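Undergrad: The lines below spell out each chain.
Number of protein chains: 2
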Amino acid sequence: MATSEASVTRIMVAVNESTIKGYPHASISSKGAFEWTLQKIVMSNTSGFKLLFLHVQVPDEDGFDDMDSIYASPEDFKSLKSRDRARGLRLLEFFVTRCHEIGVACEAWIKKGDPKEVICHEVKRIQPDLLVLGSRGLGPFQRVFVGTVSEFCVKHAECPVVTIKRRLDETPQDPVDD
Amino acid sequence: MATSEASVTRIMVAVNESTIKGYPHASISSKGAFEWTLQKIVMSNTSGFKLLFLHVQVPDEDGFDDMDSIYASPEDFKSLKSRDRARGLRLLEFFVTRCHEIGVACEAWIKKGDPKEVICHEVKRIQPDLLVLGSRGLGPFQRVFVGTVSEFCVKHAECPVVTIKRRLDETPQDPVDD
Chain A
1 MATSEASVTR IMVAVNESTI KGYPHASISS KGAFEWTLQK IVMSNTSGFK
51 LLFLHVQVPD EDGFDDMDSI YASPEDFKSL KSRDRARGLR LLEFFVTRCH
101 EIGVACEAWI KKGDPKEVIC HEVKRIQPDL LVLGSRGLGP FQRVFVGTVS
151 EFCVKHAECP VVTIKRRLDE TPQDPVDD
Chain B
1 MATSEASVTR IMVAVNESTI KGYPHASISS KGAFEWTLQK IVMSNTSGFK
51 LLFLHVQVPD EDGFDDMDSI YASPEDFKSL KSRDRARGLR LLEFFVTRCH
101 EIGVACEAWI KKGDPKEVIC HEVKRIQPDL LVLGSRGLGP FQRVFVGTVS
151 EFCVKHAECP VVTIKRRLDE TPQDPVDD
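Taken in sequence, the protein lines are chains A and B. With the first letter of the first sequence counted as 1, position 62 gets the number 62 in UniProt numbering; the numbers rise by one all the way through. With the first letter of the second sequence counted as 1, position 49 gets the number 49 in UniProt numbering; the numbers rise by one all the way through.
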């Protein structure tokens, strides 16, 4: 049965990079959320869905990643920005390529800011049918320190939200990492 | 493409009766959660999903519904119980019939107890891929008094949970009703 554009379900998936050293590209929880969406929701009905990948880059306020860098000219900052951009694009490329392979329509874009605020703002603007978020599944003690994007979005996003917890066997040594 | 039992996505939908006087059968929010699941997730892929309807009946502690009844013999209580049972069955029949009409596999059952506790217990026992809950979308002030099943289940159910808020144009005169 052909599916018209009007009856396509638009699922927004918020994706981010891993914070684990030496583990580049998508975080374990982002990939988990994406795979869950494909395996449990989309399945063989590839023409029934459109995936919308939103990556929110956090402005690097403390610059810890660049502790050993020396900034001597405005050019140095420009190259920093273009490096951020390249990393964001590489992240989105992973998801878009996978969708292309299995034949699911998708769109992907990057925004800068506080992830929880930006995600809710983009939901309001884009009005997806469902927002899928990966979650580290942290306990209450850990949550106090790292905050959780998913908890905020479940409360404030203006569309149905589903949170996919990271599997226990995928938790890195430091569970706050991902 | 034929879908084997192993790759079928099992979605549990918790359903309840309306509390609105003169509005029998399923609550607005239950029906909303069910229709969202069909329209946005199942769509034409009817063989890819199995819906599991759980109805939790709350023991009628205060008996307000029976203020004008007179209990003269043990038989009167038996008839009360069988009336509860009949109401629960009628509720489930609505959802099962609808599934049958569109060709989606389903199962339905009734439990008694505190809805939020029972739903989380049944999730643990049945292990669905997704739990869909209707919600009245009450504000923080209203929530203090009526409690919310969905908020509890989002935190405690051991599977992904999605909450479908009642549409604004479907809100009854008293928003706590449904």
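In short, the hints are calculated from the structure, not lab data. Please read these numbers as outputs of a predicted model, since none were measured by experiment. Yeah, the Cβ is synthetic: ideal placement off N, Cα and C, and Gly gets one too. Do not rely on the hints blindly, as some may be mistaken.
To be verified - If you only want the chain B side, here are some residues facing chain A, beta carbon under 10 angstroms, derived: (1) Gln39; (2) Lys40; (3) Phe49; (4) Leu52; (5) Gln57; (6) Val58; (7) Pro59; (8) Leu89; (9) Leu92; (10) Glu93; (11) Val96; (12) Phe152; (13) His156; (14) Thr163.
Undergrad: The structure should be examined with respect to each hint, and the outcome stated for every one.
TA: So, going through the hints one by one against the coordinates:
1. Below 10 angstroms, beta-carbon pairs count as interface contacts, and Gln39(B) has one with chain A at about 8 angstroms; its hint therefore holds.
2. For Lys40(B), the interface hint holds, the least distance from its beta-carbon to any beta-carbon of chain A being 5 angstroms, beneath 10 angstroms.
3. For Phe49(B), the shortest C-beta to C-beta distance to chain A is roughly 9 angstroms, which falls under 10 angstroms, so the interface hint holds.
4. Taking 10 angstroms as the C-beta contact cut-off toward chain A, the hint placing Leu52(B) at the interface is violated, the least distance being around 14 angstroms.
5. Using the Cβ-Cβ criterion of 10 angstroms, the hint placing Gln57(B) at the interface with chain A is not satisfied: the shortest such distance is roughly 26 angstroms.
6. Below 10 angstroms, beta-carbon pairs count as interface contacts, and Val58(B) has none with chain A, the closest being about 25 angstroms; its hint is therefore violated.
7. The beta carbon of Pro59(B) is not positioned within 10 angstroms of any beta carbon in chain A (closest approach about 30 angstroms), and the interface hint is therefore violated.
8. Taking 10 angstroms as the C-beta contact cut-off toward chain A, the hint placing Leu89(B) at the interface is violated, the least distance being around 29 angstroms.
9. Hint on Leu92(B) is violated. Least Cβ distance to chain A is approximately 24 angstroms, over the 10 angstroms limit.
10. Below 10 angstroms, beta-carbon pairs count as interface contacts, and Glu93(B) has none with chain A, the closest being about 26 angstroms; its hint is therefore violated.
11. At its closest, the beta carbon of Val96(B) sits 23 angstroms from a beta carbon of chain A; the interface hint therefore is violated under the 10 angstroms criterion.
12. Among the interface hints, the one on Phe152(B) is violated; its C-beta lies about 13 angstroms from the nearest C-beta in chain A, farther than the 10 angstroms criterion.
13. Checking His156(B) against chain A: minimum C-beta separation of about 12 angstroms lies over 10 angstroms; hint violated.
14. Given the 10 angstroms rule on beta carbons, the hint for Thr163(B) holds: about 7 angstroms separates it from the nearest Cβ of chain A.
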